[in-house]
Amino acid sequence: MRYLLTSALVISLSLLVILIRSLSNSDFISSETFQLLLKINLAFVVLLFIFIALQVYRLFKEVKKEVTGSRLTLRLVISYSIMIIVPLMVLYFVSVNFLTKSIESWFNVRVESALESGLNIGQKTLDILRKDVELKSRSISYSLSNSKIKEFNPVLSDLTEKFDIYDAMIIDEENRIMAISSKDNIEIDSVLPDEQDLILANTGFHGKIDITQENIIFLKTFQPYILIDDKIQKKFYLIITQKIPESISEAALSVESVFEDYQALTFSRNSLKVIYQITLSIILFLAILLSISLALYFSRRFTMPLSILSEATQSIAKGNFKKKIPDQGKDELGMLVRSFNTMTTKLESANKTLELNRQRIESSRNFLESIINNMSSGIIVIDPKSNIRLTNKLASKLLGFNLELLIGQRFNQILEYGAQFEEIVTLINKSKDSYKEKALTLKFKRRILSIQLTEQGTGKNKNKIILIDDISEITAAQRNEAWSEVARRLAHEIKNPLTPIQLSAERIDHKFSKQLEKNDQTILSDITKTIVNQVDAIKKMVNEFTEYSRSPELTKSEINLVDLLNELVNLFQKEDLKIKISSRSKKINFTCDEIKIRQVFVNLINNAYEAKKEDNSCEIEIRLRKTRNALILNFIDNGTGVNDDINIFEPYVTTKKTGTGLGLAVVKKIIDEHDGSITIKNNKISGANVEIHFSY
Amino acid sequence: MMVYFLKSLVKISLAWIFCLNISHAVIVIDEQNLDSTKIKFVLDYELDNDLKKIIDKGISIHILEKITVKRENKYFFDNVVFKRIKNFRIEYHPLIKKFYFFEENEKFSFAELNELVSYINKPRYLTLENINDSKNKELTVTWEIDQKNLPKSLQLSLKKPKWMIIKSLKHNL
Numbered sequence: 001m002r003y004l005l006t007s008a009l010v011i012s013l014s015l016l017v018i019l020i021r022s023l024s025n026s027d028f029i030s031s032e033t034f035q036l037l038l039k040i041n042l043a044f045v046v047l048l049f050i051f052i053a054l055q056v057y058r059l060f061k062e063v064k065k066e067v068t069g070s071r072l073t074l075r076l077v078i079s080y081s082i083m084i085i086v087p088l089m090v091l092y093f094v095s096v097n098f099l100t101k102s103i104e105s106w107f108n109v110r111v112e113s114a115l116e117s118g119l120n121i122g123q124k125t126l127d128i129l130r131k132d133v134e135l136k137s138r139s140i141s142y143s144l145s146n147s148k149i150k151e152f153n154p155v156l157s158d159l160t161e162k163f164d165i166y167d168a169m170i171i172d173e174e175n176r177i178m179a180i181s182s183k184d185n186i187e188i189d190s191v192l193p194d195e196q197d198l199i200l201a202n203t204g205f206h207g208k209i210d211i212t213q214e215n216i217i218f219l220k221t222f223q224p225y226i227l228i229d230d231k232i233q234k235k236f237y238l239i240i241t242q243k244i245p246e247s248i249s250e251a252a253l254s255v256e257s258v259f260e261d262y263q264a265l266t267f268s269r270n271s272l273k274v275i276y277q278i279t280l281s282i283i284l285f286l287a288i289l290l291s292i293s294l295a296l297y298f299s300r301r302f303t304m305p306l307s308i309l310s311e312a313t314q315s316i317a318k319g320n321f322k323k324k325i326p327d328q329g330k331d332e333l334g335m336l337v338r339s340f341n342t343m344t345t346k347l348e349s350a351n352k353t354l355e356l357n358r359q360r361i362e363s364s365r366n367f368l369e370s371i372i373n374n375m376s377s378g379i380i381v382i383d384p385k386s387n388i389r390l391t392n393k394l395a396s397k398l399l400g401f402n403l404e405l406l407i408g409q410r411f412n413q414i415l416e417y418g419a420q421f422e423e424i425v426t427l428i429n430k431s432k433d434s435y436k437e438k439a440l441t442l443k444f445k446r447r448i449l450s451i452q453l454t455e456q457g458t459g460k461n462k463n464k465i466i467l468i469d470d471i472s473e474i475t476a477a478q479r480n481e482a483w484s485e486v487a488r489r490l491a492h493e494i495k496n497p498l499t500p501i502q503l504s505a506e507r508i509d510h511k512f513s514k515q516l517e518k519n520d521q522t523i524l525s526d527i528t529k530t531i532v533n534q535v536d537a538i539k540k541m542v543n544e545f546t547e548y549s550r551s552p553e554l555t556k557s558e559i560n561l562v563d564l565l566n567e568l569v570n571l572f573q574k575e576d577l578k579i580k581i582s583s584r585s586k587k588i589n590f591t592c593d594e595i596k597i598r599q600v601f602v603n604l605i606n607n608a609y610e611a612k613k614e615d616n617s618c619e620i621e622i623r624l625r626k627t628r629n630a631l632i633l634n635f636i637d638n639g640t641g642v643n644d645d646i647n648i649f650e651p652y653v654t655t656k657k658t659g660t661g662l663g664l665a666v667v668k669k670i671i672d673e674h675d676g677s678i679t680i681k682n683n684k685i686s687g688a689n690v691e692i693h694f695s696y
Numbered sequence: 697m698m699v700y701f702l703k704s705l706v707k708i709s710l711a712w713i714f715c716l717n718i719s720h721a722v723i724v725i726d727e728q729n730l731d732s733t734k735i736k737f738v739l740d741y742e743l744d745n746d747l748k749k750i751i752d753k754g755i756s757i758h759i760l761e762k763i764t765v766k767r768e769n770k771y772f773f774d775n776v777v778f779k780r781i782k783n784f785r786i787e788y789h790p791l792i793k794k795f796y797f798f799e800e801n802e803k804f805s806f807a808e809l810n811e812l813v814s815y816i817n818k819p820r821y822l823t824l825e826n827i828n829d830s831k832n833k834e835l836t837v838t839w840e841i842d843q844k845n846l847p848k849s850l851q852l853s854l855k856k857p858k859w860m861i862i863k864s865l866k867h868n869l
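From first to last, the protein sequence lines are chains A and B. Per this note's numbering, the first sequence starts with residue 1, numbered consecutively. Per this note's numbering, the second sequence starts with residue 697, numbered consecutively.
Since the hints were made in silico from the structure, they are not lab data. Ideal placement from N, C-alpha and C gives every residue a C-beta, glycine not left out. Keep in mind that a hint or two might mislead.
To be verified - One-sided excerpt, in silico: chain A residues whose CB lies under 7 Å from chain B:
(1) Ala-43
(2) Leu-119
(3) Ile-209
(4) Ala-252
(5) Glu-256
(6) Glu-260
(7) Gln-263
(8) Ala-264
(9) Leu-265
(10) Phe-267
(11) Ser-268
With these hints in hand, go ahead and build the complete structure from the sequences.
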């Protein structure tokens, strides 16, 4: 743009100078070179116009696209252009008017009439001279008509001298020269008359004016006269050539020449006006277009730092603090740019610090989140507006729904997931009074949850922190421990007297039955049998207690579970019991205490059989699966199923009329001792599914 | 082919420029033999009013008579077989009210302009030698005003005035 504009400036100025200088040279104006120059200028005007049109179109496009600084550039261009165009137009119209008037003044009427008068004077003078020569010619011819032919030469010489005639000649009808008199050496051929001249002379007289190529004016007269010589009438022609005095001739021809020039100039009046107007118009257009080009250039140059500044500001607003603007000089704009660069440097530094702090906070937050997520307790943080602010996965797991969906929402909304949470909501709502810590125990889905509420912060910015712990296992462990203690005491206190009781009852029956009558014998026998049976029952119960309370010492060996189950199936040969073993492999080895695992399987089969529906046979399917890191066994029956509300693996929890409630408690204890887990759930149609899970 | 196209374009342009003055009717072959061709032509010219005004004001006019014989070439530019340029001059002296017509070294004076035009329109003869060696020749006789010899002020016009061309005659030999 800069180079293009400089070139345009140089070319147009050169063209303007040439054009203006050429106007002062009238010869040059009328030349073809001037016309070529005009055409070049015109072509340059067109080129410049196209260039400006493109620039303006580009500017309007930028304005439409809302490019920064384009509107200001456009406004500046318009302002500059108006500032330049208005005075230029005024100057142009004044110049054109002045020029037209000047050209008109050259062709003043008085000048033209003066010239015409000068020409008329010349014509009149020539007429007077012509008439004078005519008179002289008549006088000479009269004198000659009275003389003799022989005397022609001397008479003619005398007369020409007398009348101051330049050149005189007498010819006869046959064009023969009879006499001649001349002040110069005359060329005969040049003075001989034309046939046309003689014809005209025969009318009485013929005179004419001629101009030689040397610009000398001659008057020529042809006078016929009759001479009677020896009674013979003869016709002669007197031809007089009179040279007009040089002073008169030069003056007359000079006036004629000036008149010719003036007339030629008159013809060019309109052309001159048109050429000057065109030239001035081209100068005007060149000046205007050049001014607009300069306005475009300087407007862009002026708005460029502002545009850069604006773009840089937008860049900074988007977070790019590294944006720097090149130095724009020492003026106010340059100062602004320097201040801007200082500001961005400081902003960049502040942003770096901010980013560092943010990373630290983020790191701390991640660390905190990691801790919270890996905590053994579920956490819910409630902000002062009772909205859930933070939670961990364990809290969701313990409460049975995704608490993260409720982050930012009111805590009360957890009621939508179950009425059992009302106690927690009530606890939170009641805690408006100042408190330090509150606790709640919630039985929920076979679990016992401990809920603790604490406050964090001061004043109005108090956050409430809810800690949720699953204390089911702790409670169960405490209960087991208690029951084990009871069992140990029972075994110790009850088992010892049972054998003497049983033996004593049998001795009573044996010793005294023979002394009694038959009826009494029967009664005694029944009583002693009852005692023995009840003692057996107590023994059995005590043994179970003993089993439950004994110390967990395992004797492990590798056994094939499939073989073990097949063996057990053979032992349980009953009509109303069908056991099916499903295993992909016939050999699934497992390292365990065989006796205890056998007891587990026996207890589970017994439990399933005892839970069968009345008048229905019992069908048990035992599935064995071995995965990459676990061994899974399922005992699926078609019985009555279990009650979801009770924990059937707790001691003395049973739904059977005759059960001690220790069978499944012992099973769970053995599974726990083998680092396994056991769960029970009801099937969709009927029966229950007990799943044992051993991890490797 | 391109040259043929350009040539046609030039011809069309020239025809457009001279269309008003081109005439084919006033050139007659008077006599023709192996060595030469004698041609008679009449300008049949009517003085343009603008030119008449210029002459009346005493401005000298130079006239160029251009005679060319071209051999037509179908695909290339025509060959110029013969070319001749002659100068004439018309002068009017308001001082003595006389018109002069200068033809080569001869000077003819006329009291009226019409007499001068009549003189110009007299039958003119032209003898072309050794141009019979081929056919398809075109003779062009053009009388036009020599712009370079006009007074400078009369050359000012940006557009060539129509009176500049006096006559252009064409004839196929």
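Do the hints match the structure? See the list:
Look at Ala-43 of chain A: its Cβ only gets to about 15 Å from chain B, farther than 7 Å, so that hint breaks. The interface hint given for Leu-119 of chain A holds, since its Cβ lies 6 Å from the closest Cβ of chain B, which is under the 7 Å cut-off. The closest approach between the C-beta of Ile-209 of chain A and any C-beta of chain B is roughly 4 Å, which is under the 7 Å cut-off, so the hint is satisfied. With a least beta-carbon distance of about 5 Å to chain B, the hint placing Ala-252 of chain A at the interface is held under the 7 Å criterion.
The beta carbon of Glu-256 of chain A is positioned within 7 Å of a beta carbon in chain B (closest approach about 5 Å), and the interface hint is therefore held. For Glu-260 of chain A, the interface hint holds, since its Cβ comes within 7 Å of a Cβ in chain B; the closest pair sits about 4 Å apart. For Gln-263 of chain A, the suggested interface contact is upheld, since its CB lies about 3 Å from the closest CB of chain B, less than 7 Å. A hinted interface residue such as Ala-264 of chain A counts as satisfied when its beta carbon comes closer than 7 Å to some beta carbon of chain B; here the least separation is about 4 Å, so the hint holds.
For Leu-265 of chain A, the interface hint holds, since its Cβ comes within 7 Å of a Cβ in chain B; the closest pair sits about 5 Å apart. Hint status for Phe-267 of chain A relative to chain B: holds, with the closest Cβ pair at about 6 Å, below 7 Å. The criterion of a C-beta within 7 Å of any C-beta in chain B is met by Ser-268 of chain A, whose closest approach is roughly 3 Å, and the hint holds.
Violated hint: 1 only; the structure is consistent with all others.
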